[in-house]
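There are 2 protein chains.
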Amino acid sequence: MKFTAYILDVLTDSVYPARITIADGIFKEIVPIHVTEETKIDVDGLIVPGFIDSHIHIESSMMTPAQFAKVAVRHGTTAVVCDPHEIANVCGIEGVEFMIENASTVPFNFYFAAPSCVPATAFETSGAKLDSEDIEYLLKKPEMVALAEMMNYPGVIGADNEVLSKLKIARMYKKPIDGHAPLVSGKDLDKYIEQGIVTDHECSNFKEAIEKKQKGMKIMVRDGSSAKNMEALFDFSQRIEHYKNQDSFGIIPNEVLSRRLHSPIFDFIVSDDKNPKDLLNGHLNESVKKAVDLGIDLIKAIEMVTINPAAHYDLDGGSIVTGSQADFVIIDNLHDFNILKTYIAGECVFDGENVLFDVEDVEFENTINADKKSHADFDICFDGDECEVNVIECIDGDLLTKKSTAKLAVKDGIVQPDIFQDVLKISVVERYGSNNVANAFIKGFGLKKGAMASSISHDSHNIVVVGYSSEMMAEAVNRVIDNRGGIAVVSEDFEDSLSLPIAGLMSNEDGHDIAKKLTILQKMASALGCKLTAPFMTMAFMSLLVIPSLKLSDRGLFDGDNFEFIDVIRN
Amino acid sequence: MKFTAYILDVLTDSVYPARITIADGIFKEIVPIHVTEETKIDVDGLIVPGFIDSHIHIESSMMTPAQFAKVAVRHGTTAVVCDPHEIANVCGIEGVEFMIENASTVPFNFYFAAPSCVPATAFETSGAKLDSEDIEYLLKKPEMVALAEMMNYPGVIGADNEVLSKLKIARMYKKPIDGHAPLVSGKDLDKYIEQGIVTDHECSNFKEAIEKKQKGMKIMVRDGSSAKNMEALFDFSQRIEHYKNQDSFGIIPNEVLSRRLHSPIFDFIVSDDKNPKDLLNGHLNESVKKAVDLGIDLIKAIEMVTINPAAHYDLDGGSIVTGSQADFVIIDNLHDFNILKTYIAGECVFDGENVLFDVEDVEFENTINADKKSHADFDICFDGDECEVNVIECIDGDLLTKKSTAKLAVKDGIVQPDIFQDVLKISVVERYGSNNVANAFIKGFGLKKGAMASSISHDSHNIVVVGYSSEMMAEAVNRVIDNRGGIAVVSEDFEDSLSLPIAGLMSNEDGHDIAKKLTILQKMASALGCKLTAPFMTMAFMSLLVIPSLKLSDRGLFDGDNFEFIDVIRN
Chain A
842 MKFTAYILDV
852 LTDSVYPARI
862 TIADGIFKEI
872 VPIHVTEETK
882 IDVDGLIVPG
892 FIDSHIHIES
902 SMMTPAQFAK
912 VAVRHGTTAV
922 VCDPHEIANV
932 CGIEGVEFMI
942 ENASTVPFNF
952 YFAAPSCVPA
962 TAFETSGAKL
972 DSEDIEYLLK
982 KPEMVALAEM
992 MNYPGVIGAD
1002 NEVLSKLKIA
1012 RMYKKPIDGH
1022 APLVSGKDLD
1032 KYIEQGIVTD
1042 HECSNFKEAI
1052 EKKQKGMKIM
1062 VRDGSSAKNM
1072 EALFDFSQRI
1082 EHYKNQDSFG
1092 IIPNEVLSRR
1102 LHSPIFDFIV
1112 SDDKNPKDLL
1122 NGHLNESVKK
1132 AVDLGIDLIK
1142 AIEMVTINPA
1152 AHYDLDGGSI
1162 VTGSQADFVI
1172 IDNLHDFNIL
1182 KTYIAGECVF
1192 DGENVLFDVE
1202 DVEFENTINA
1212 DKKSHADFDI
1222 CFDGDECEVN
1232 VIECIDGDLL
1242 TKKSTAKLAV
1252 KDGIVQPDIF
1262 QDVLKISVVE
1272 RYGSNNVANA
1282 FIKGFGLKKG
1292 AMASSISHDS
1302 HNIVVVGYSS
1312 EMMAEAVNRV
1322 IDNRGGIAVV
1332 SEDFEDSLSL
1342 PIAGLMSNED
1352 GHDIAKKLTI
1362 LQKMASALGC
1372 KLTAPFMTMA
1382 FMSLLVIPSL
1392 KLSDRGLFDG
1402 DNFEFIDVIR
1412 N
Chain B
842 MKFTAYILDV
852 LTDSVYPARI
862 TIADGIFKEI
872 VPIHVTEETK
882 IDVDGLIVPG
892 FIDSHIHIES
902 SMMTPAQFAK
912 VAVRHGTTAV
922 VCDPHEIANV
932 CGIEGVEFMI
942 ENASTVPFNF
952 YFAAPSCVPA
962 TAFETSGAKL
972 DSEDIEYLLK
982 KPEMVALAEM
992 MNYPGVIGAD
1002 NEVLSKLKIA
1012 RMYKKPIDGH
1022 APLVSGKDLD
1032 KYIEQGIVTD
1042 HECSNFKEAI
1052 EKKQKGMKIM
1062 VRDGSSAKNM
1072 EALFDFSQRI
1082 EHYKNQDSFG
1092 IIPNEVLSRR
1102 LHSPIFDFIV
1112 SDDKNPKDLL
1122 NGHLNESVKK
1132 AVDLGIDLIK
1142 AIEMVTINPA
1152 AHYDLDGGSI
1162 VTGSQADFVI
1172 IDNLHDFNIL
1182 KTYIAGECVF
1192 DGENVLFDVE
1202 DVEFENTINA
1212 DKKSHADFDI
1222 CFDGDECEVN
1232 VIECIDGDLL
1242 TKKSTAKLAV
1252 KDGIVQPDIF
1262 QDVLKISVVE
1272 RYGSNNVANA
1282 FIKGFGLKKG
1292 AMASSISHDS
1302 HNIVVVGYSS
1312 EMMAEAVNRV
1322 IDNRGGIAVV
1332 SEDFEDSLSL
1342 PIAGLMSNED
1352 GHDIAKKLTI
1362 LQKMASALGC
1372 KLTAPFMTMA
1382 FMSLLVIPSL
1392 KLSDRGLFDG
1402 DNFEFIDVIR
1412 N
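Protein sequences appear in the order of chains A and B.
Going by our numbering, the first residue of the first sequence is number 842, and it counts up by one from there.
Going by our numbering, the first residue of the second sequence is number 842, and it counts up by one from there.
To be clear, the hints were calculated from the coordinates, so they are not data collected in a lab.
Hints should not be assumed to be uniformly reliable.
[Unchecked claim] Pairs of lysine to aspartate or glutamate, EDC-like flavour, derived with a Cα cap of 20 angstroms:
{"#": "1", "chain 1": "B", "residue 1": "K1357", "chain 2": "B", "residue 2": "E1336"}
{"#": "2", "chain 1": "B", "residue 1": "K843", "chain 2": "A", "residue 2": "D1031"}
{"#": "3", "chain 1": "A", "residue 1": "K1085", "chain 2": "B", "residue 2": "D1138"}
{"#": "4", "chain 1": "B", "residue 1": "K1141", "chain 2": "A", "residue 2": "D1088"}
{"#": "5", "chain 1": "A", "residue 1": "K1141", "chain 2": "B", "residue 2": "E1096"}
{"#": "6", "chain 1": "B", "residue 1": "K1048", "chain 2": "A", "residue 2": "E870"}
{"#": "7", "chain 1": "B", "residue 1": "K1028", "chain 2": "A", "residue 2": "E870"}
{"#": "8", "chain 1": "B", "residue 1": "K1032", "chain 2": "A", "residue 2": "D865"}
{"#": "9", "chain 1": "B", "residue 1": "K869", "chain 2": "A", "residue 2": "D1029"}
{"#": "10", "chain 1": "B", "residue 1": "K1015", "chain 2": "A", "residue 2": "D1155"}
{"#": "11", "chain 1": "A", "residue 1": "K1130", "chain 2": "B", "residue 2": "E1096"}
{"#": "12", "chain 1": "A", "residue 1": "K843", "chain 2": "B", "residue 2": "D1076"}
{"#": "13", "chain 1": "A", "residue 1": "K1032", "chain 2": "B", "residue 2": "D865"}
{"#": "14", "chain 1": "B", "residue 1": "K1130", "chain 2": "B", "residue 2": "D1076"}
My request is simple: use the sequences and hints to build the entire structure.
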């Protein structure tokens, strides 16, 4: 394939016209040309490198890797560094190997990071554990480009042997180590970084990100479904303050500072998690546009999803150079940034209308090992008329929760949820054979009746359920069990569910079908009174103990600030 | 050590005040502080990371590594990546090990690159050869951070087995490979880069540098004694043309372009070679100032000698972060850029007046193995009255030479040099035991009488001599032999010499004494009519065959464009 086009060159931050020859999947020759009035430029628009998401959990899309790729190429994404730690929590190395195998069936660049924290903590029951030997086994695979996010920051800071041993193996294999250290700062952060952990994607405020950057970390600005940190991290007034006000002596000349105000300061834009609907609407293409709207230099924003991740993880691609794999996107212009076509290894995979490859269904053994539940499993008992309880308070659009309390009535020895205070029941049902159920209370969901349940509950993916009545909660959980995993919404009036039979996390359906069903389920949740923007996503994170402050595992209520269990009932 | 200071942070391109704690040679803690009127800032000026020269041949300073360090720290240099290929050409691995050993005697960060091309070509006699096994032996050493400049670009392009094998070993050991590919472009350059060669420091014009950069190389902008490419590579009008005129559709918005005009585009500033006098006057500190004068963004220029090389070669230092070795410089301000103090591993090594460490003399075996010469050794014979000869035409301040010709008289069967045409004689005297002498003609030196000789002659370091009379040439060479190496200037009226007994390249003397003696020798050369700015440096490069166009080895006159020997006499 030979053609002339304008290239966006992320190596010199410029645009130049060139004659491009592609063969055997790589850029064979790129020769800059001199454009005169007679020169025919074959490509309308501009050639930019394919976009790379350097931190994503594919499982959050509820699609198989192959189905994920089919949606992602529409947005100009040509590569992802994915951390398959959701499926690893369910089925360990076999799950990781399933992802790698399935990824290999489509023309898309899947790179993998070895899940470092399976299970995420010792305070929950997962389907598998990955110890340091497993990590070594995984890091030897050619698909593995990194050790994935080290979420166990207390373990790093406290010098836990097994944690340090995993980090050591990654350093030994010269694989970059990704971090996950929300709100960690000062000396604790120093200790965390000292272990060779070089990235962080958990920064939720500018000062946090600057501290980490100034300590040498590379910062992933997250713009996903479950967390959106771009507005905070690209805040213009904070950039001004950063560059100008700290420098009270006026050491840096003004003309230099004024150029700096458009600097992204940080390194990558990542999604971390993309739910099916959001992924259908856009991926890094939309994030880049958003960054530019926030005042970030256009080309620097593009570099955050092309050359920066490619250089950091030593990936093929990321720039349009001779000898590199021919992964590129044709966009209309730098303002509208519409994806006209996507090419991977020199082949057109999206022609502006259709995705030009097929995806096959996969078989997967049932991973839900739990008995059917009854209402009694979800009751919290107390001897008295009233009691004070600890309540998880969720925040719409945030993974963090607040610690709250409530006074609740007790009826027939069972503590009652209270719709007027919006205090509902939340339970985590162990689904790996022990049949244990942990119950607690939650604020912020707004359900007036019914229940919703899901086998997506980070990171161990037990079945999480939120509801007002124990009966409905049992009903919802049983529906999930029948479906071999998935999401269910039930009430006295209606019920529906999405089946996710692949590890209880993913479906064979394509993105549109999954999104359509999710929309129905979400409308049902709204009809039941739920006010959350993404109720299932929020519910899924209520069991992620590594993000503070109050969460619930299958073993009980967990204080993420002090990393210990606490009682539901306070008196 | 604890103090407060303003830090120039090359990770966020900003300045911030902090309380710094240093212990065990590293930054133990760096805590940003809020400055009020009462806050005492202990350090007047600004803390910047120590400067790193990512490509230098220490031997060109004629100082031992330890003596070099003593001068360099005065200019804020705290680390160098040095390629000991001069001494390697003389004494092989033993020479490299001598450099490493001597470097370890002073508090300075010497990193080494394994010399890839010893000898530089098969067209000359060197004192040693380093084959791929030797390279593997060297790359295993912890001091070795790279494979040094691959000068044998014809060997790479032509897929020479031994060359490819060295490159493969470097890739296997995951060591970055430095390049050296003057004026190589197009498909040849593609082939060169394909082998994993990632840097180039030979760019002498903007277009050359842009092509290499656009093909994915990192560009070292050279600002040394023998080559100064900064003016060409940082040319403002070429930057404008690059960013603006190529983009004839106006694809990149104007406000983005205007910020780009201050971008260095390229990656590092290096010196490559620093002669003693230049090194006494300044090092990277002066280069950064010069870059800023050429319109380059101040902080980006500093990054080219700090974080950029540290990141590329995976060196400790390069930024002021917790956990990093405490290498830093206190400068007065970003405008004057005067070095007030230099610290390495937390210790003050230069206090603004004195260097605070001592250097010991070293013993070195005589490496000059050549019999004394007589005038007949330097005669070029021809049977006739006149003949046309090929003439090396040197260019002041450039390593490149031109191919020239001249008509010369023949007297008593001996071709006569011609002062009026400025055509002198040049000879290379083998000094490793074979006693061979190669004779040719040269233009550009301007000597009216006498001769100058030196055992510094790249890269094999045979003895090179330029002069008018064969008698004087023999005299100068014999003086160098007596001195176990060095530089000599002789004439009928006066003579003097600098002894360089360490491999014929270096002296135990300190920088000032060497520079003083060199100044005297240079004045003597001027008195003899030489018009070159740096006559000994220029002479030393007349035997460097890998840089075109016409050079002289101990085996004869060499056409660097076609990589073959040619006859001195044309008819």
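Structure-based check of all given hints:
no. : hint                : verdict
1   : K1357(B) - E1336(B) : holds (16 angstroms)
2   : K843(B) - D1031(A)  : holds (17 angstroms)
3   : K1085(A) - D1138(B) : holds (17 angstroms)
4   : K1141(B) - D1088(A) : holds (18 angstroms)
5   : K1141(A) - E1096(B) : holds (13 angstroms)
6   : K1048(B) - E870(A)  : holds (17 angstroms)
7   : K1028(B) - E870(A)  : holds (8 angstroms)
8   : K1032(B) - D865(A)  : holds (16 angstroms)
9   : K869(B) - D1029(A)  : holds (12 angstroms)
10  : K1015(B) - D1155(A) : holds (12 angstroms)
11  : K1130(A) - E1096(B) : holds (17 angstroms)
12  : K843(A) - D1076(B)  : violated (33 angstroms)
13  : K1032(A) - D865(B)  : holds (16 angstroms)
14  : K1130(B) - D1076(B) : holds (15 angstroms)
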